[in-house]
Amino acid sequence: MRGTLQRVQTWAERRLPALTRYRRLESLPIELHRRRIYIVPTGFGIGFSLLLLVMMVGALNYANNAALLLTCLLGAASAASMLVAFRSLDGLRLSHVRAGHAVAGQPIELMLEFDSHRGRSAIRVDAGHDSTAFAIDAGGSTQVKIALPTVRRGWQPLPRLRLWSSWPLGLFRAWSWLYPEQSVLVWPQPETAGPPPYAAADDARHMRLHQGDELAALRDYRAGDPQRHIAWKASARHTNLLVKDFEQPQSRPQWQLDWRQLHGLDHEARIARLARWLGEAQSQRHNYSLWLPSNEIASGNGPLHYARCMSALACMP
Amino acid sequence: MHAMTPPPRKSRVASVVDTRAFDLLSLTIAFVLGLHAMHLPWWLGIALALILGWRWWQRRQRTGRVPRWFKLPLLVLLVLAVIAHYGSIFGRAPGVALAVGLLILKLLETESARDVRVGISFACFALMAALLFDQGLIATLVVALGLLPALATLRALEPAQAPATLQRTLLPGLGLLLSALPLALLAFLLVPRLSSPLWGAPSPNEARTGLSESMSPSGFTDLLTDDRPAMRVSFDGAPPPANLRYFRAYVMWNYDGSSWSYADVVNHAPAELKAIGIVGYRISMEPTHQHVLPMLDMPLGAPTGATLRADRVVMADKAVNDPLTYTAQSAIQYRLQPELGVRARNLGLSLPVGFNPRTLALGQQWRQRYGSDDAAIVQAALTLFHDGGFRYTLAPAPLGHDAMDDFLFNTREGFCEHYSSAFTVLMRDAGIPARVVTGYQGGYWSKYGNYLLVRYSDAHAWSEVWLAERGWVRVDPTAAVRPQRVSLGAAAAADGQLPWYESRWLQSLRNHWDIVNRWWGQGVIGFDTLRQHGLLTPFGIRDVDTATLGVLLAISSMLFIAIGLAWALLRRQVGDPLRAALHELERKLARKGIVRRPSEGPQHYLSRAARALPGQRDELATLMRCYLELRYAHDEPPPESLRDFRRTVRDFRVVRVVK
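Here the protein sequences line up with chains L and D, keeping their order. Under the working numbering, the first residue of the first sequence carries the number 1, and numbering increases by one thereafter. Under the working numbering, the first residue of the second sequence carries the number 318, and numbering increases by one thereafter.
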């Protein structure tokens, strides 16, 4: 059933220009308007209208005008709910898409930011198999997180997003397709096991992360400096407190990760290994630099540095 | 290469409904149960309420369906109970009992959103079924009220909403219903009515009280305390005075010693009538499930679908199972049947043998005293009632075997039935042909509605005696005892004997409220094929047939859809008036090809426009300066400057493009 539906949908998108118009990529922000919102009754809507029909025939048969009036009222309210469903999407705006970080094979988190003049409820966004519901206050904006499955490293275009709502009564389903012109970068998947970049004994002597003990200079006191570092004698000669500054020795080992070291491995395996090394270096708080044929990243550490290195790896041809 | 397929993800939309939706569904179903409680046997109502309450409590403790071994026996029990009580599961009352029971059993297995939707659909159906019992204004409004929790339940099924309050739960449904009302009314007016039912119309299961074909001692008391409307009468001219508002229903000849009864004589021609004062009127009567149509005094003919019987009693061809409106003409002054045949005379004098010896003696004694002066005998009887210590009461002492003897000589208390019966027996004993007539007398004249409201409690019984050369003459012996009964009505006559809810001020309140009921009864309940076809008479179309109605319905529905679409597509300009004014300016410039780029600020854009339009450089420069000042020099731009700016933008015309 579902497969048939999807085939019909694919066929319709190929053959019907009105449906395929929005197959093209669109730049953000995307605002929904009447020409791109579709609406059909749900299964419940069809069942409910059949019930209304039965009630109407019954009321007519028994010449029961009060029942007929209420049936008409319920029917008219159902029809009005169709307009409400349409309005819950009309004018909605997707203003930003922000992507998180993920390695290939793991879902990547997307942050969609919607805004609207009107308050809206029960809008759902489908991306792939993932469905999330959200509401917006009048004049406000909402960030919706969705998880996008990834397969391989590199730039991955956003899939078509489906915004839909069956608000308010679940009788009608209004939907619209969004195809934002934006890609997310998927990092390479690190290999699961392999040799370390250096022998373990190599860096054991560098594992001190505390401050050094060679006095380098005096500097002004900053809030939070330990009391025992204050240079009391020197401070007495100045108007403000001076603190003894100890030089950080080269306490962290310097990992030089180099594409050229990895002979005998194929292209993707090299990337996977470098990715694992980057991860280890990051978790063990080493300083590391990366050399790639297309790119060279100087030594550094921290999450930003890590992201830069991984992105460079992901962008490898 | 590590190409991994993503693991199948479970949908995040929960399949189990939350407590709020379930509570609202329970509320809806409780409403339905409450609405039907009167029609259900009391033990079934209580049992269903207990099941409902238990399930609600159980679902709050722990979600999950009730096990099947618990549900199935309940289902069997329900069907058995309905069959045991009603004898069948078909028909209106058993069908409704079954439907309400099934609805509550459905709640036992309600867990998913789909279950809730099915339950709500079913609840809507059961709500409408309540209107099969009573389609009055109040009942309809109450049923409409039941739609609110139903709609709220459907809303509660939707994910991601603002936090719910009572207001936010029920009011949007009300708004939806109100906005749907115009379309609903239109559809109601135009949906073609069936001229004959597609399948059997429901048979009335409960006998309503109303005038019956026989008049027995206690039968009338129920009627006299039933103050539901029986019929509403509007007159062509001024209404007849209060003491002439006699509506005849049955004429009763046969007396068996305890009760009077009507015998339908089909093949007799109506009695000859010489009419003098004629009144035209229209009666809308409530269903009685009987054939008789009450007529003001002496009808000249029968309305269509009814026949005039021998004693100018009007019988409808079909029992009146739905509200019925008919027009007729009647004589208020008349001479009925000046020549009485021998057979009719004998019938009008016959009495059961061996009953009421003292009454018989009194009648014969009057005959001897007054000779052949029948009118004097009638007067003597009325004088007896007036001066003989008789009392009008709705709760008289019971009468024995010789009922009329008991009444005339012992208890001397009673109401119209006793008086008319005793009077007629007395007349027959004295040799004057006489008969009992039942019907309605009086009614409440509504000044604002311009109609006469007749209640069941206005039921009355009186006599007709045959006098030579005058024919049948109406004599109301109750009036001799209690003149108020005739001049002021039943409630005045029964002063102080009615229960509190029929006290005078409440009664008057209800009389006024009846205008609304009448409007509802005529405008909504009585809107039938005939009225529908005459719908467009004011617009010159005499008879609208079904096809035209369909076309009209289609056209006007489209009209409403267009209005609805216009509303749906409307986008209010909200927010900043300054930005709106700038947008207007941008639109004007864009029409001449100067389009603001997404990355362009207002200053850059307007400078570019000024360069493109050298003729209006100063104007544009001023506008730009104004805009920048309004935008950035104040937290809140002063309203008068803002107004000036908007006016300047409105008046701005792009005159010439030199590019």
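Among the hints, a few may not be true.
[Said to hold, decoys possible] SDA-like mimics (lysine to any residue), calculated; alpha carbons at most 20 Å apart, straight line:
| no. | chain 1 | residue 1 | chain 2 | residue 2 |
| --- | --- | --- | --- | --- |
| 1 | D | K909 | D | I878 |
| 2 | D | K423 | D | F387 |
| 3 | D | K591 | D | I649 |
| 4 | D | K905 | D | C943 |
| 5 | D | K423 | L | K145 |
| 6 | L | K244 | L | R219 |
| 7 | D | K635 | L | N61 |
| 8 | L | K145 | D | A477 |
| 9 | D | K909 | D | D935 |
[What the hints assert, rightly or not] Sample of chain L residues with no beta-carbon within 10 Å of chain D, all distances over it, derived:
| no. | residue |
| --- | --- |
| 10 | Q9 |
| 11 | A12 |
| 12 | R34 |
| 13 | R87 |
| 14 | S121 |
| 15 | S165 |
| 16 | Q227 |
If you're looking for bench data, these hints aren't it; they were derived computationally from the structure. Positions of the beta carbon are idealized from the N, C-alpha and C atoms, including for glycine.
ask   = Between K591/D and I649/D, is the straight-line Cα distance small enough, at 20 Å or below?
value = holds (11 Å)
inquiry  = Check whether the Cα positions of K905/D and C943/D lie no farther apart than 20 Å.
reply    = Judged against 20 Å, a Cα distance of about 18 Å means the pair holds.
key: Least C-beta distance between A12/L and chain D, which was stated to exceed 10 Å   = It holds; A12/L is separated from chain D by about 24 Å at its closest Cβ, greater than 10 Å.
request  = Starting from K909/D, check that the Cα of D935/D is at most 20 Å away, please.
outcome  = The hint holds at about 18 Å.
inquiry  = At 10 Å, judged by beta carbons, does S121/L keep clear of chain D as stated?
reply    = violated (5 Å)
Claimed clearance of chain D by R34/L, with the beta carbon kept past 10 Å = About 6 Å separates R34/L from the closest Cβ of chain D, which leaves it inside 10 Å; violated.
inquiry  = Tell me if the straight-line CA distance from K909/D to I878/D falls inside 20 Å.
reply    = Given that 20 Å is the threshold and the Cα spacing comes to 37 Å, the pair is violated.
message = Please check whether the beta-carbon of Q9/L is more than 10 Å away from every beta-carbon in chain D.
response = holds (19 Å)
task = Compare the distance between the alpha carbons of K423/D and K145/L with 20 Å, and conclude whether the hinted pair is satisfied.
result = Given pair K423/D, K145/L is violated - Cα atoms ~37 Å apart, limit 20 Å.
ask   = In terms of Cβ atoms, is chain D entirely out of 10 Å range of Q227/L?
value = Holds, because the least Cβ-Cβ distance between Q227/L and chain D comes to about 47 Å, which exceeds 10 Å.
task = Decide if the proposed pair is consistent with the structure: K244/L and R219/L, CA atoms, cutoff 20 Å inclusive.
result = Distance of about 7 Å is within 20 Å: holds.
Holds or violated: K635/D to N61/L, with C-alpha atoms at most 20 Å apart = Holds, at roughly 17 Å.
This entry does not satisfy hints 1, 5, 12, 13, 14 and 15, going by the numbered hints stated previously.
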